[in-house]
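Whenever a hint applies, use it, and build me the whole structure from the sequences.
Residue strings, one per chain:
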Amino acid sequence: MSHTYKDLVIAMVRTGILGYGGGPSVMPLFRHEAVNRYHWLEDEEFGEVLALANALPGPIATKIAGYLGYRTKGSLGAAVAIIAHILPTCLAMIALASLISVLKSSPFIEGMIAAVLPVIAVMLGQMAYKFGSKAVKGLGWVLGFATFIIAFVMLQIIPVHPAIVIILFLAYGTVHYKLKNKINKHHDRDREAI
Amino acid sequence: MMSLISVFLGFFVANILGYGGGPSSIPLMYQEVVTHYQWLTNIDFSNMLALGNALPGPISTKIAAYVGYNVSGVFGVIVAVVATIAPSSIALILLLKLLQKHRQSSVVKGMTLLVQPVIAIMMIVLTWQMGRDSIHSLGPIQAIIIAAISFLAMTKLKVHPAIVIIIAFIYGGLVVPHLHI
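For the record, the sequence lines run as chains X and P.
All letters in the first sequence, in the order written, are residues 1 to 194 by the numbering used here.
All letters in the second sequence, in the order written, are residues 1 to 181 by the numbering used here.
Please keep in mind that the hints were generated in silico from the structure rather than gathered at the bench.
Do not take every clue at face value.
Example chain X residues on the side facing chain P (calculated, C-beta under 10 angstroms, incomplete) [to be verified]:
hint, residue
1, Ile64
2, Gly66
3, Ser75
4, Ala78
Straight-line alpha carbon distances no greater than 27 angstroms define the calculated DSSO-like cross-link-like pairs of lysine-lysine that follow [claimed, not checked]:
hint, chain 1, residue 1, chain 2, residue 2
5, P, Lys156, X, Lys137
6, X, Lys137, P, Lys158
7, X, Lys185, P, Lys109
8, X, Lys178, X, Lys130
9, P, Lys109, X, Lys134
10, P, Lys109, X, Lys180
11, X, Lys178, P, Lys109
12, X, Lys185, X, Lys134
13, P, Lys109, X, Lys182
Where is the CB? At the ideal position from N, CA and C, for every residue including glycine.
What follows is the structure in structure tokens.
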């Protein structure tokens, strides 16, 4: 059992700079550091915390970093862990992006910015597909497409602020499974009656 | 001071509404950063997203840091990053016991599920806007060819997105400027 700030910082810097592809893809690295290397917690507890973290909004990596820091060193540990996890890449981001926007008018950088646009469009499209298929898988084809249409009309045609749209969908989400169960039971009863 | 408050509110709203990790907050951050406060243009945002994806680490904190820095310097960075991560990290630690009881609850599951279609639609709109901009700056033929190649590379050949972005940067730097001559 090693519970030192040095271990905490090293683990968080390592997960911060080795994880590509945003927070969710870093979870196996977190598990490796916390469970296998430093034995801060058992695999089961890690799985539990991950599931809980997914039930809350916001970026996932910083929630896990915060929890691991808190678990080993209390509140200060949480702050240290989060800072160690995000600081190197935040600084790199500011430095690189600022450099590019200063040199924006050079034809070299101009070409770089233009050529990467279609790649970003494709990546966003893939993400859209991923979120869309999650919705269809969970809601079924009919309700899934109904929610797409409602969301599209509200966001693009009326248009309502996305925060309000999400809050309305969340509100329906709180009763979705209850409603679904009720309808299913109703169907079963009908079938039994026949 | 006003701009710091806007930075805080923008990133707080975008991240408190994004379920499923950083990527789900991208269209929400776009809404705040480009549409609402107009801190960045569409092209700036795409450029930032490219860099953010080429660099390791969580995506939403990188976006928050860069936008915060652009709007009000070092304080902007601190405010934007804190607004992005503090609410959910504190909530996780405080609510741990309470959540443990309700993790399997259909209420939480239903909420997480119902956010997905809204995020999907916002992503599609964003995809369309980026596609339109890339046709505008590269012409339809080149834009579609780059999009097709990067799609095949990422899905069929399983090339890592960071590598695809770096190749696009190199192509754009070395080839694109000479095409316009």
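Okay, the hints, checked on the actual structure:
| no. | hint | result |
| --- | --- | --- |
| 1 | Ile64 | holds (8 angstroms) |
| 2 | Gly66 | holds (4 angstroms) |
| 3 | Ser75 | holds (8 angstroms) |
| 4 | Ala78 | holds (7 angstroms) |
| 5 | P:Lys156 with X:Lys137 | holds (23 angstroms) |
| 6 | X:Lys137 with P:Lys158 | holds (24 angstroms) |
| 7 | X:Lys185 with P:Lys109 | holds (20 angstroms) |
| 8 | X:Lys178 with X:Lys130 | holds (26 angstroms) |
| 9 | P:Lys109 with X:Lys134 | holds (13 angstroms) |
| 10 | P:Lys109 with X:Lys180 | holds (13 angstroms) |
| 11 | X:Lys178 with P:Lys109 | holds (11 angstroms) |
| 12 | X:Lys185 with X:Lys134 | holds (25 angstroms) |
| 13 | P:Lys109 with X:Lys182 | holds (17 angstroms) |
Hint compliance for this structure: every hint is met.
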